[in-house]
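Q: Read off the chains here:
Protein chains: 2
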Amino acid sequence: MYTFLNDSFVPDDKAFLHVSDLSIQRGYGIFDFFRVMDNYPLFIEDYLERLYVSAKEMHLKVPYKPGQLKSLIFELIQKNNIPMSGIKVILTGGYSPDGYQLADKANLIMVQKPMNFPPAGFPTEGIKIITHEYLRDKPHVKTINYVVGIWIQNKVLEKKAADVLYHYKGEVSEFPRCNFFIVRKDNTVVTPGENILEGVTRKHVLRLAAKKYKVEIGRVTLDDARAANEAFLTSTSKRIVPITQIDESIIGEGKPGRVTNDLYDDLVALELNEQAKAR
Amino acid sequence: MYTFLNDSFVPDDKAFLHVSDLSIQRGYGIFDFFRVMDNYPLFIEDYLERLYVSAKEMHLKVPYKPGQLKSLIFELIQKNNIPMSGIKVILTGGYSPDGYQLADKANLIMVQKPMNFPPAGFPTEGIKIITHEYLRDKPHVKTINYVVGIWIQNKVLEKKAADVLYHYKGEVSEFPRCNFFIVRKDNTVVTPGENILEGVTRKHVLRLAAKKYKVEIGRVTLDDARAANEAFLTSTSKRIVPITQIDESIIGEGKPGRVTNDLYDDLVALELNEQAKAR
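Residue numbers (the working numbering), protein chains in the order written: chain A, 1 to 279; chain B, 1 to 279.
Any given hint could turn out to be false.
Copies of one chain are not kept apart here, so a pair can be met inside one copy or by any two copies together.
Mimicking BS3-like on lysine-lysine, the simulated pairs with C-alpha atoms at most 25 Å apart in a straight line are [as the list claims (entries may be wrong)]: (1) 79 x 185; (2) 14 x 255; (3) 105 x 88; (4) 14 x 105; (5) 238 x 56; (6) 169 x 138; (7) 155 x 277; (8) 128 x 88; (9) 70 x 160; (10) 105 x 155; (11) 128 x 105; (12) 70 x 159; (13) 277 x 88; (14) 214 x 14; (15) 70 x 211; (16) 159 x 88; (17) 203 x 128; (18) 56 x 212; (19) 255 x 88; (20) 79 x 255; (21) 56 x 160; (22) 160 x 185; (23) 255 x 169.
Simulated from the structure, these hints should not be mistaken for laboratory data.
This one's a predicted model, so the numbers in the text were calculated from it and none came from an experiment.
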């Protein structure tokens, strides 16, 4: 398999950065991640748009124009031929002269890895999640900073949970790598609007939901979450996953909900449609 | 020059990490940094103690016992022979199997670089600093996360300032890489006690100050800072630097203060004493 590094395709096991890179020195970089389905990068335009926004916000320059980068991604997909996979694009602060200043040139890495995506079909069981008070730095930018998310993994496992939902002073934001939704008793689909990264899956789910349900983007408290009829998370690699327990509270009837299921089906249909359009 | 990487001394320009390292993938790692003066690592015990505390807090295992690591540091100093320099020890989350999970083995990097330390003699001019509202993740741990500190450098330069002081809701904490002190009108030396990294220089300055002045570790607001008689920062690489302007407010008489100067002289004397003891 190949990894793309700055200006060339190198074998996976030959993709190295010098230790003066600002990601190693100061955790400084941005990234994005998208799914490849049957060798097609799903919703690639959305992810590329976000990548350039993240780069700009963090004073980093993507060394290619969007069209060039997209071509390189298609070349990577062709070279590797891993039909069901994920591609991560990382842009770091580059080789810093003093370990603090941004380098003139960012380092660009594109790694493709096989992934087992959730099998087609809505999950028959929901997950348990825990909550943690934490306000992310620059939540609207996809930086590589996951210090708290990784640090807390021990506790997630210890509590036999699948993930951890951040809140700050009782107001819910998101998971380290997923967005959060609730469905109120009147079937309104609600997702937090502040202190979050705007997920691509979140965006599509919101659009799909708006066709059938009342949709709200706004404040969700821990109490709102616990009192919801349904709850679910969205992410690039997991699509939609129903949540049936938050800390010690059972959500709704303790099983995946009808609206969640409906949105899941609509999302899978949208993905298939997107792939078909690309042929 | 040599860099120590995991288990061997490698030429500086050959020190690389594979892109699967969790610092590159997720900004996950800790570090410490100390000064080498006349080939002696100043206050090395303090820095090593903090390194092991940071590692433990972040679920990372230093691959050597403190005594072994200290020997390796002395070997690095001997090999490189850069009498006035800085050594940075970085411990990352290691080569992660999935780009999120901590690896079984952390990656250890020790880089030595020549440094121009401030010339002996108390600065005749103070610096201007700006302020920024920000609450660090895990401020008490020396993680490699400097996303905000580096991101805001543009603004620091634009405002012709030397550094940026973090506060949260008006309560001052620290600089990205330095601690903050004020001297009240009654000569009490005060430094924030919460949401900070406990600097080694801060610790020594507090001890020195306590011999001559009233010392307080506690709440410092932006108003307190602006109303102070003197203000200064402490750091490993800068010792003590007087601050004469915070945003648009002039501090005290707008020149380096008497107490700051006194503490600076005491710190230099302590350093010389420490070096002499080591001979």
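Q: Would you mind marking each hint as holding or not holding in the structure?
A: Taking the hints in turn, this is what the structure says about them:
When the C-alpha separation of residue 79 and residue 185 is checked against a cutoff of 25 Å, the pair qualifies neither within a copy, at 49 Å, nor between copies, at 70 Å. Proximity of residue 14 and residue 255 under a CA criterion of 25 Å is satisfied in neither setting, with 46 Å inside one chain copy and 54 Å between copies. Taking identical chains as interchangeable, the C-alpha atoms of residue 105 and residue 88 lie at most 25 Å apart whether they share a chain (19 Å) or sit on different chains (23 Å). In this assembly of identical chains, residue 14 and residue 105 lie within 25 Å of each other by CA distance both inside one copy and across copies; the values are 21 Å within and 20 Å between.
Taking CA atoms no more than 25 Å apart as the test, residue 238 paired with residue 56 passes in neither setting, with 28 Å inside one copy and 32 Å between copies. Both within a single protomer and between protomers do residue 169 and residue 138 lie at most 25 Å apart by alpha-carbon distance, with minima of 17 Å and 17 Å respectively. With identical chains, the CA atoms of residue 155 and residue 277 are never at most 25 Å apart, being 43 Å at best within one copy and 45 Å at best between copies. Neither within a single protomer nor between protomers do residue 128 and residue 88 lie at most 25 Å apart by alpha-carbon distance, with minima of 27 Å and 41 Å respectively.
For the homomeric pair residue 70 and residue 160, neither the shortest alpha-carbon distance inside one copy (40 Å) nor that between copies (40 Å) is at most 25 Å. Within a single copy, residue 105 and residue 155 get their C-alpha atoms only as close as 38 Å, which misses the 25 Å cut-off; across copies the closest is 20 Å, which meets it. Taking the shortest alpha-carbon separations for residue 128 and residue 105, neither the intra-copy value of 43 Å nor the inter-copy value of 29 Å comes in at or below 25 Å. Taking CA atoms no more than 25 Å apart as the test, residue 70 paired with residue 159 passes in neither setting, with 41 Å inside one copy and 38 Å between copies.
Within a single copy, residue 277 and residue 88 get their C-alpha atoms as close as 23 Å, which meets the 25 Å cut-off; across copies the closest is 52 Å, which misses it. Neither within a single protomer nor between protomers do residue 214 and residue 14 lie at most 25 Å apart by alpha-carbon distance, with minima of 50 Å and 58 Å respectively. When the C-alpha separation of residue 70 and residue 211 is checked against a cutoff of 25 Å, the pair qualifies neither within a copy, at 31 Å, nor between copies, at 64 Å. Taking the shortest alpha-carbon separations for residue 159 and residue 88, neither the intra-copy value of 29 Å nor the inter-copy value of 36 Å comes in at or below 25 Å.
Within a single copy, residue 203 and residue 128 get their C-alpha atoms as close as 24 Å, which meets the 25 Å cut-off; across copies the closest is 44 Å, which misses it. For the identical chains of this complex, residue 56 and residue 212 are neighbours neither inside a copy (36 Å) nor across copies (50 Å), given an alpha-carbon limit of 25 Å. In this homomeric assembly, residue 255 and residue 88 never come within 25 Å of each other (Cα to Cα): the closest approach is 33 Å inside a single copy and 51 Å across copies. Taking identical chains as interchangeable, the C-alpha atoms of residue 79 and residue 255 are never at most 25 Å apart, the minima being 42 Å within one chain and 64 Å between chains.
In the homo-oligomer, the alpha carbons of residue 56 and residue 160 lie at most 25 Å apart only across protomers (23 Å), although the nearest pairing inside one protomer, at 39 Å, exceeds that limit. Taking CA atoms no more than 25 Å apart as the test, residue 160 paired with residue 185 passes in neither setting, with 28 Å inside one copy and 55 Å between copies. For the homomeric pair residue 255 and residue 169, neither the shortest alpha-carbon distance inside one copy (28 Å) nor that between copies (42 Å) is at most 25 Å.
Violated hints, in rising order: 1, 2, 5, 7, 8, 9, 11, 12, 14, 15, 16, 18, 19, 20, 22 and 23; the structure is consistent with all others.
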